[in-house]
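**Student:** Work out the full structure: start from the sequences and follow the hints.
Number of protein chains: 2
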Amino acid sequence: MISNGELNIPDIPAVSGTTTQEYVYERLRNAIMLGAIEPGTSLTMRGLADCLGLSPTPVREAVRRLSSEHAIQVKDNRRMTVPLMTSDRFEELIALRIAIEVHTAKRALPFISDVVIEKLTEIDDRMDGFVSERDLDQLTLLNQDFHRTLYTVNPAQASMPIIESIWLQLGPFQRQILTTVAENYEVDRHKEILAALSTRDVIALEEAITNDISDGAWKSGRNLLDETAPA
Amino acid sequence: MISNGELNIPDIPAVSGTTTQEYVYERLRNAIMLGAIEPGTSLTMRGLADCLGLSPTPVREAVRRLSSEHAIQVKDNRRMTVPLMTSDRFEELIALRIAIEVHTAKRALPFISDVVIEKLTEIDDRMDGFVSERDLDQLTLLNQDFHRTLYTVNPAQASMPIIESIWLQLGPFQRQILTTVAENYEVDRHKEILAALSTRDVIALEEAITNDISDGAWKSGRNLLDETAPA
DNA sequence: TTCGAAAAAATGTGATATCATTTTTCGGAT
DNA sequence: ATCCGAAAAATGATATCACATTTTTTCGAA
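Going down the list, the sequences are from chains A and B.
Quick note on numbering that gives the first Met the number 0: the first sequence kicks off at 0 and runs consecutively.
Quick note on numbering that gives the first Met the number 0: the second sequence kicks off at 0 and runs consecutively.
Calculated directly from the structure, the hints in this document are not laboratory data.
Source: prediction; values computed, not measured.
Errors might be hidden in some of the hints.
Pairs involving identical chains hold if they fit within one copy or between any two copies, as the list cannot separate such chains.
[Claimed, not checked] Below, computed lysine-lysine pairings styled on DSBU-like, alpha-carbon distance capped at 35 Å:
1. K190 <-> K105
2. K74 <-> K190
3. K74 <-> K105
4. K74 <-> K118
**Tutor:** Printed below as a string of structure tokens:
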């Protein structure tokens, strides 16, 4: 019998010149980030390999990378899942996001130019469109684009991979949040960030980043967690 | 011909019940952290596999994990190295260490008990012994123990793996620093940390952590980098 | 001696095979 | 019907194999 039979892993375009392992990694990562693999679902190496039509070898490598990023949890024996979120863990991850992203934004500030601000403004404008369309996948992607574009203006970048890994851990859950309370999505905070960048105001930037992360995730997330696991 | 012929990867005790892949990962990680693999040395999968007497499969998985943690750099084609440190990258990593570890220490503070303080004091006492003996490996290990013990009193821990990965990126270089300027090693800062913990003083804790990281690494590291790659 | 192209060796990657464990299935005793 | 244990199936891990690509070496022409 084939496990994971009803598993639906969205396909993504295979970048030519890349390895199978890399392709599997990107595809699984994408699936987790978009919530296509429901947290708690039982996964197996061979099940995934069959599901993707590949041999276990490259699948295991990709899965292990994801598990060392805590995007996949290796259970006691022979089973793996996308970890379920707990209230404590969620709070911890959001607080960490704020600490690292504020730090990274501050260090990006000296490298900010008008060209970058314009690029960020353009991303934010595109987000406004998708907000009204309720396109959650595009919103998630563009929101990440916004932050990534800001942080990577600092060329000596060490924190971006870490930030991405935190995003991945929050990904499947964040997605649930957006689904539940899409109307609360605060794009306005991005305008605050842009204003702080324009005036090169470190204090305002710190506050804007904190608010952006808090508003979008924290309040909504608390609500959802209180609902699903109350007493 | 066998590559990596003169490569010396210190053996470590194999934990029973663990996989070969895990063993390779731990062993390579240890070797990198202790500077046994000199940054810049050219590595190959098969070379490492031969060197360890294993098949390429588990080696490739371990190496890939390390490369996704930026402890190993996959060069343009068919070659890998432990990355060389640059001045910019070093500054970036130290600043990141301070940001994350200060944040993590603050969040650990509410969980601090007398038992923990005692445990930390004991670790610090043992360090004093190794300082006079100039045992760099033990010092490095115990210093990490000290910080890890402090941070992990918070049970909902999300930042420790990130901190460990930054340590690993700094590892081979930090080691060079200690070798060069062992006499500057500041264990006193740990006493400042302990004092701040005893009085539950957040401000003092932040300052002590910052000083501990800065003093031990930053100044010495700048000196070394200025020497090796000046004008 | 120097250079460059062809031959040889080595490498990364992924599929397959094998083995020890673990999980699941199934049938009989209570 | 319920429970338990043995047989059967599935799984993770690793070695081996095969193949395309890359690196290194070799060797003859300038």
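**Student:** Hint by hint, note whether the structure agrees.
**Tutor:** Status of the hints after comparison with the structure:
1. K190 <-> K105: For K190 and K105, both the intra-copy (17 Å) and inter-copy (30 Å) Cα distances are at most 35 Å.
2. K74 <-> K190: neither (42 Å within a copy, 40 Å between copies)
3. K74 <-> K105: Intra 38 Å, inter 31 Å, cutoff 35 Å: inter-copy only.
4. K74 <-> K118: between (43 Å within a copy, 31 Å between copies)
When held up to the earlier numbered hints, the structure conflicts with hint 2 and nothing else.
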